[in-house]
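Q: Listed below are the residues making up each chain.
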Amino acid sequence: MGLKSMFDSLLGRGSLPEAKTDRLFAISTAVVTMEVDLRLKPSSSAGICFKPMEMAKYEEARDEIEGLLKYSTQETGTLFRLEKDEYNFLWVILEDPDFEDLVTNIHMVSQTLIEQNFGEQLLCAVYRFEGKGPVYWIYNFKQDGYYPFASLNGHKRDNAVEMRLKSLMERELPIEKNIEKWYPLWGMPF
Amino acid sequence: MVKWKRDLGLEGRMLLTMFLLAAVYLFFLAFLTYMSAPPVFMILFIGLALGAQYYYSDRIVLWTMNAHVVSEDEEPNLHQTITRLCAIADLPKPRIAIVNTAVPNAFATGKGPNSAVVAVTTGLVDRLNQGELEAVLAHELSHVKNRDMAILTIASFISTLAFYFVRYNLLFGSFGGGNRRDSGGILLVWAVSLAVWLISFLLIRALSRYREFAADRGSAIITGQPSNLTSALLKISDIMPRIPNDDLRKVEGMNAFFIIPAAVSGSFLNLFSTHPSVEKRIAALEKIQRELEL
Numbered sequence: 001m002g003l004k005s006m007f008d009s010l011l012g013r014g015s016l017p018e019a020k021t022d023r024l025f026a027i028s029t030a031v032v033t034m035e036v037d038l039r040l041k042p043s044s045s046a047g048i049c050f051k052p053m054e055m056a057k058y059e060e061a062r063d064e065i066e067g068l069l070k071y072s073t074q075e076t077g078t079l080f081r082l083e084k085d086e087y088n089f090l091w092v093i094l095e096d097p098d099f100e101d102l103v104t105n106i107h108m109v110s111q112t113l114i115e116q117n118f119g120e121q122l123l124c125a126v127y128r129f130e131g132k133g134p135v136y137w138i139y140n141f142k143q144d145g146y147y148p149f150a151s152l153n154g155h156k157r158d159n160a161v162e163m164r165l166k167s168l169m170e171r172e173l174p175i176e177k178n179i180e181k182w183y184p185l186w187g188m189p190f
Numbered sequence: 001m002v003k004w005k006r007d008l009g010l011e012g013r014m015l016l017t018m019f020l021l022a023a024v025y026l027f028f029l030a031f032l033t034y035m036s037a038p039p040v041f042m043i044l045f046i047g048l049a050l051g052a053q054y055y056y057s058d059r060i061v062l063w064t065m066n067a068h069v070v071s072e073d074e075e076p077n078l079h080q081t082i083t084r085l086c087a088i089a090d091l092p093k094p095r096i097a098i099v100n101t102a103v104p105n106a107f108a109t110g111k112g113p114n115s116a117v118v119a120v121t122t123g124l125v126d127r128l129n130q131g132e133l134e135a136v137l138a139h140e141l142s143h144v145k146n147r148d149m150a151i152l153t154i155a156s157f158i159s160t161l162a163f164y165f166v167r168y169n170l171l172f173g174s175f176g177g178g179n180r181r182d183s184g185g186i187l188l189v190w191a192v193s194l195a196v197w198l199i200s201f202l203l204i205r206a207l208s209r210y211r212e213f214a215a216d217r218g219s220a221i222i223t224g225q226p227s228n229l230t231s232a233l234l235k236i237s238d239i240m241p242r243i244p245n246d247d248l249r250k251v252e253g254m255n256a257f258f259i260i261p262a263a264v265s266g267s268f269l270n271l272f273s274t275h276p277s278v279e280k281r282i283a284a285l286e287k288i289q290r291e292l293e294l
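One line per chain: the protein sequences are R and X, in this order.
Note that the first sequence ends on residue 190 in the numbering used here; no numbers are left out.
Note that the second sequence ends on residue 294 in the numbering used here; no numbers are left out.
Read the hints as simulated data drawn from the structure, not as lab findings.
A virtual CB, placed ideally from N, CA and C, is assigned to each residue, including glycine.
Some hints here could point you the wrong way.
[Said to hold, decoys possible] Chain R regions said to be covered by chain X (calculated; three or more residues, Cβ under 8 Å): (1) 89-103; (2) 174-184.
[Claimed, not checked] Simulated crosslink set (DSS-like; lysine-lysine; CA at most 27 Å straight-line): (3) R/LYS166 - X/LYS111; (4) X/LYS250 - R/LYS156; (5) R/LYS166 - X/LYS250; (6) R/LYS132 - X/LYS287; (7) X/LYS93 - R/LYS166.
All chains, please: the whole structure from these sequences, using the hints.
A: Structure below.
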C-alpha cells in the first residue's frame, strides 16, 4: 500500500488498482526449472481473463484485440481465440508450442488492453502446464504475483502439490505470499 | 546405506544456545554466592521437585493429556509401524498411547529410550495416510532418541530457580550475610533473577526449536522420505485449509479485498514459540530432500 493509495482511501476515491505486467516475463525463465526439476511441461496454452464492461466498449475492445492478435500472431504462428465463460468474463486464449512466443503474446495483449484503458478489467493471465494432472500458474495482475492451481476432479485442488510448487519455485518466480489470495478458476476454457 | 550429511549449522546453533544457557546460569549462581544468598533450601526443593517431575514425567504427561496406553491387540497397525521404525532407528520399543480427540497431535515423553511413551491422537491417525503417520512417529522417536525431555528439563532447572526467586524473593528474603541484608540487596537479587529468567526463557525456547529441527531431520533419516513429513505438517498445520476454493471471478468484485495488505508474519512472536514455523520446517525438509536426490 503506497502513499497514493492511502490518500485514495482517506478521501474515499474508489479506484481499482492498476494492472502490472512487469512480472509477466518471469515465467519464461522459470519454465526451464519446472520442466527439468518438476517434470511440468507447458501445455502450449495460455489465457488472459478480463471482465468486460458495457456492451459498446466490449465490442470495441474485442475487435481491437482480434485485429491486433491477427497481426502479431502471424509472425509467431500463434493460434488465438476469444471466448466468454459462464461468469461472462472474456478470455483471450493463445496456443503456441514455443513457450517464449506464448509469453510474449500474453504480455503484448495485456499491454494493449492497458493502453486501451482496460487495465482495470484485467483479472489474470493463466499458463497451463501438464504434470500428473493440469497445473495452472495464475498471474494476478492486481497483486503482481503468481500462484499455482493444481486442479483435481470434482472441484478439488491438490494443496500438497501446490505447496510443494510454491517452495520449489519461490526463488524463480514472484509468488503471491498470502495464500489466502490463491483463488482458483474453475472450468477454464483451455 | 545412505550417508547422511550432518547439519553443522543446526548443531552449531544448538551448541551455542546451550553454551549461552550454561553461561547465564553460572553467572547467576556466582552472583547469588556473591550476594551471600545461596538459598540452599530453595535449590534443594526445586531440584527435588523437578527431579520428581522428570522421574514421573511419563505418568504426569499421559494424565495431563488424557492419553491411555494401548496394547498391540487394540492398535495392531500402530504397534507394528512403531516396531518397524524402532528397528531402523535402533531403539527399544516404547509404550504407545492414544488420545481421543479430533485435534491432530503427537508427542513423546519419558525419561529416556528405555522408558519412553509415544502418543498420537485419533485425529492424527484419521487425517494422515500411512506414510505421513510413519513420518510423524519417526519424528517423535527422534525426540526419544535425542533425550530431548531430559535435556529440556535440565535446561529449565535454573530458569525455574530464577523464576521462583522473582516470585518469592521478597517473602523469603533469607539472605544471611552481614550488610548484604538490606532492601537494596534484595531488590538487586530480584532484578537479576528477572533478567536471568527472561534470558534463559528465550534461550530455552530457541533450544526447543532447534531440537524440533533435529527431530525433523531424524524423521527424514529414519523413514528416508522427508516429503512424507512435509505432507503431514501441511495437513495438520493450519496452512492448507487457508487455501481458498472460491472462484477468482466471483470474489474479484470485492475491490476492498485486493487492497488489503498481506498479513504480517509475526517474526517477533517467533522468539517465544517452542516450535519453528511450519514454513521453516518444510524448507529444511526440502533441503534434505534435495540432498537425498543428488
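Q: Run every hint past the structure and note whether it holds.
A: Outcome of the hint check:
1. 89-103: Check failed, 1 qualifying residues.
2. 174-184: Per the Cβ count (8), the hint holds.
3. R/LYS166 - X/LYS111: violated (40 Å)
4. X/LYS250 - R/LYS156: holds (17 Å)
5. R/LYS166 - X/LYS250: holds (24 Å)
6. R/LYS132 - X/LYS287: holds (23 Å)
7. X/LYS93 - R/LYS166: Distance of about 38 Å is beyond 27 Å: violated.
The earlier numbered hints that this structure contradicts are 1, 3 and 7.
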